[in-house]
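Chemist: Each chain, written out:
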Amino acid sequence: MQEVFDFFSLKVSRKIVPILLLLTYFAVVIWFVLRFAYAPQSYFLIALFLFSNLPSAFIIISKKSNADLLGELKTTEKALRATYKHWDSLLSLLPQAVFGYANNADGNILFVNDFGIKLFGYNDLDDFKRMGYLDIFDSSQKAKIIAERDNLIERRSTAISEYVGLKKDGTKFPVALYSTPIMDSDDRISGVLGILIDLSEIKRFKDTIDQLHSLDQAKDDFLNIAAHELKTPLTSILVISEVLKEKSKNLGDLEIGKDVDLVFGEAERLKKLVDQILTATRFENKHHPIKSEPFDLLALINSHVTTLKSLAEPRGSKLDFQVSSGQAMVSADHDKIMEVLNNFVDNAVKYGAPKQTITIKTIINSSEIRVEVTDQGAGIEPEKIGRIFSKFSQLENSFSRTQEGIGLGLYICRLIIESYKGKVGVKSVLKQGSTFFFSLPLIKK
Amino acid sequence: MKILVIDNDVSIGITIKAALGLNASYEVTVCLSAKEGLEEMKKNEYGVVLLDFMMPEINGIDLCKIMAVDEKLKNIPVILISALPITSEVFQKSNGNFNEISVVKGLLEKPFSVAELLGKVSAVLNLNK
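Line by line, the protein sequences are chains Y and A.
Numbering follows our numbering, with no gaps: position 363 of the first sequence is 1134.
Numbering follows our numbering, with no gaps: position 72 of the second sequence is 325.
Next comes chain Y alone, as it looks inside the complex:
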């Protein structure tokens, strides 16, 4: 009621007064003009009147009344309340504990959001406010927390630390605390604002990841040890079967010789597998020193033309060499690089069509040499291409595998080439064929 009255009475008078005043001015002016129109001194009087009184009229118009100020204050207050509510709901929504504590010896809690109350297992705000900020951390961390708070206040900076939080029921849990000083209007530090993140979940994830890592390591170690352990019995099988073969030759028993060949062949296959596993683990280990020396890759390929051709012979395939002329110096282990090329060609023969032409092509630019092996086979399905250079890529579909091996060949190729800062890749078109390539950086002569 009071408000309406104030508004009505004051507001009306405020609007009416200047208008009335103006009207009076004009009336007086007209009167003066009519009364002293032809008297020269009248101009002076008119001017004097106008200039002495008009400003006061404007002042009255522009001056705000107390009531206006009150109204504005109320509007501002409303806006502030809305903002406060806005931030308050934002604070209570935050999935992190936000709290403030006083900059005094007790460090009593000034405020805390809903999440903070729940996180620490308190009933309500009052329940929580009975605590000092030190009470919400494990007592063993007291000294560290106080030291950090003092440092924070002295430097007026922000700090991030990990502590052990303490719930009302005594449960301990890992937390990350972000804190920053709260300044009052005089720039004095009145308290500290803290944002506290519960790290239990993250710690659990981290532990799981660590566990997975160590399991993965254990698997690699097992493979490595198993492969090494296989070497001794393999030696016996290989050597004894060779000895047997010699003896059967001396005895003239060809049948035994054939059987022994079978044993020897299978043992060789096993040996190849063991070698693959060991090569893979060796190149996976980044700390293991790898051999590296400069050589001409083009010369290396040219010197292996016959060996590579022999790989293609069993399936009646032909090799077409398109090797650049000149030199291409790279720094690597030439045996390992040949192993990669052999593997590419061997795959092209195995997976390509019989009696096809396999192209081995080199492309040299200013910084690298690229070696491509192209077959005319069935091509690789797009969904398989992404995994083709991954470890055990053959194991994915173990029941429908068409080729022997455990899928380490191309993985090893990638490890070898990448350890010499090169790249491997494949392009493939279904029913047309695939191109496997590797590139190595050229070194200056």
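No false leads were slipped in.
Here are the simulated SDA-like cross-link-like pairs (lysine to any residue), alpha carbons at most 20 Å apart as the crow flies: (1) Y:K1121 / Y:A1083; (2) Y:K1016 / A:S366; (3) Y:K1002 / A:D262; (4) Y:K1107 / A:E362; (5) Y:K1043 / A:S366; (6) Y:K1043 / Y:S1161; (7) Y:K1002 / A:E362; (8) Y:K1016 / A:G274; (9) Y:K1016 / Y:V1034; (10) Y:K1043 / A:L337; (11) Y:K1042 / A:S366; (12) Y:K1018 / A:K270; (13) Y:K1018 / A:G274; (14) Y:K1018 / A:E280; (15) Y:K1043 / A:E362; (16) Y:K1002 / A:S335; (17) Y:K1016 / A:A277; (18) Y:K1002 / A:A368; (19) Y:K1020 / A:S366; (20) A:K270 / Y:I1011; (21) Y:K1155 / Y:K1194.
Because the hints were derived from the structure by calculation, they are not lab data.
Please arrange chain A on chain Y, whose structure you already have, making use of the hints.
Modeler: Relative to the frame of chain Y, chain A by itself:
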């Protein structure tokens, strides 16, 4: 020519003996521990010793060190046998001279073939002629 094989793994001893047996001029004795091998070397004169790298109690390297300071044994050439490729790298570091262990004249990495075994043995024997 008398050849001594020292390996705690029985099957490797038999295997090497069988392979070297292809050469009628080789007479092979197998010992299953370094200690046994040392005694055997002191009893009989051997042209070459094939020695396993990893053995319990006294391992291959330690036995070589013992041999290197023994007046009677320091001239017997040793071929180290190992399943670990690291041996060859360890020795490459000393420029292939096997400086540290003077008696070691060759390395054989498992799995090896008959040809590799015979080749290494005859190479080391020729070296000592």
